[in-house]
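Spelled out from the first residue to the last, the chains are:
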Amino acid sequence: GAVVSQHPSWVICKSGTSVKIECRSLDFQATTMFWYRQFPKQSLMLMATSNEGSKATYEQGVEKDKFLINHASLTLSTLTVTSAHPEDSSFYICSARETGEVSPLHFGNGTRLTVT
Amino acid sequence: AQSVAQPEDQVNVAEGNPLTVKCTYSVSGNPYLFWYVQYPNRGLQFLLKYITGDNLVKGSYGFEAEFNKSQTSFHLKKPSALVSDSALYFCAVPGNTPLVFGKGTRLSVIA
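Chains as they are written, first to last, in the numbering used here: chain A, -15 to 100; chain B, 114 to 224.
If you are wondering where the hints come from, they were derived from the structure by calculation, not from laboratory data.
Every value quoted in this text rests on a predicted model; they were computed, and no experiment measured them.
No residue lacks a Cβ here, since even glycine has one placed at the ideal position from N, Cα and C.
One should not assume that every hint holds.
Quick look at which bits of chain A chain B covers, simulated, 3 or more residues with Cβ under 8 Å [claimed, not checked]: (1) 3 to 13; (2) 27 to 33.
Simulated restraints on C-beta separations [unchecked claim]: (3) B:Tyr174 to A:Ser73: 25 to 33 Å; (4) B:Ser139 to A:Pro24: 21 to 29 Å; (5) A:Ser67 to B:Thr210: 39 to 47 Å; (6) A:Ser2 to B:Lys182: 44 to 52 Å; (7) A:Phe23 to B:Ser141: 35 to 43 Å.
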């Protein structure tokens, strides 16, 4: 089945630094990928839709200058948390879907970001 | 707007007993419904989906879900629970975002 690989699985960084998270579709091409954030004991919150070759679409309330998304190829999207602060600490999950609205979303294993 | 509701935050069941995780939906048009499972510190794994056809959908790890149009429900079931089934379960439906998720139900299977 379709596999989405996300790296790193966890990262600890200091306040003010930037962190890049990679999301790859391993055996299918994804013109669109999705970035979610999950707070403890809560459901997933869609942050942005990453579009290959064009600008990402951000959900309301998500700072596009803080959460930079690049989708340079059909198999890779990156999320960079810039000038990270402790409140950015969270679990970030990417996903991608094979063609078709009713195809299931495939998720990466998530990245646990801790900002100290 | 498309939405799903998971009325239970937590479900506890003894190992070997049948389990049910509830989900109700509100959609316009034909419902496409999904179940996902999330293990600790992991992403979501697809379990099963309902598109059309048989109301009983079989999925991964022995799970199944029953689509009930009159009750607008899509409950997840398993005849005999395993301790390893303990996880967070999400019901979902396509919406303006790629998927609209329920709030999740934490399943604890007790040995």
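Is it true that Tyr174 of chain B and Ser73 of chain A lie within 25 to 33 Å of each other by Cβ?
31 Å, holds
Ser139 of chain B versus Pro24 of chain A beta-carbon gap, inside 21 to 29 Å or not
27 Å, holds
Regarding Ser67 of chain A and Thr210 of chain B, is the given constraint of 39 to 47 Å on their beta-carbon distance met?
27 Å, violated
Do three or more residues from the region 27 to 33 of chain A put their C-beta atoms closer than 8 Å to C-beta atoms of chain B?
With 4 residues close enough to chain B, the hint holds.
Assuming the hint says 44 to 52 Å, is it satisfied by the Cβ distance from Ser2 of chain A to Lys182 of chain B or not?
49 Å, holds
Examine the region 3 to 13 of chain A: at least three residues should have C-beta closer than 8 Å to a C-beta of chain B.
violated (count 0)
Is the hinted range of 35 to 43 Å satisfied by the C-beta distance from Phe23 of chain A to Ser141 of chain B?
29 Å, violated
Of the numbered hints listed earlier, those contradicted by the structure are 1, 5, 7.
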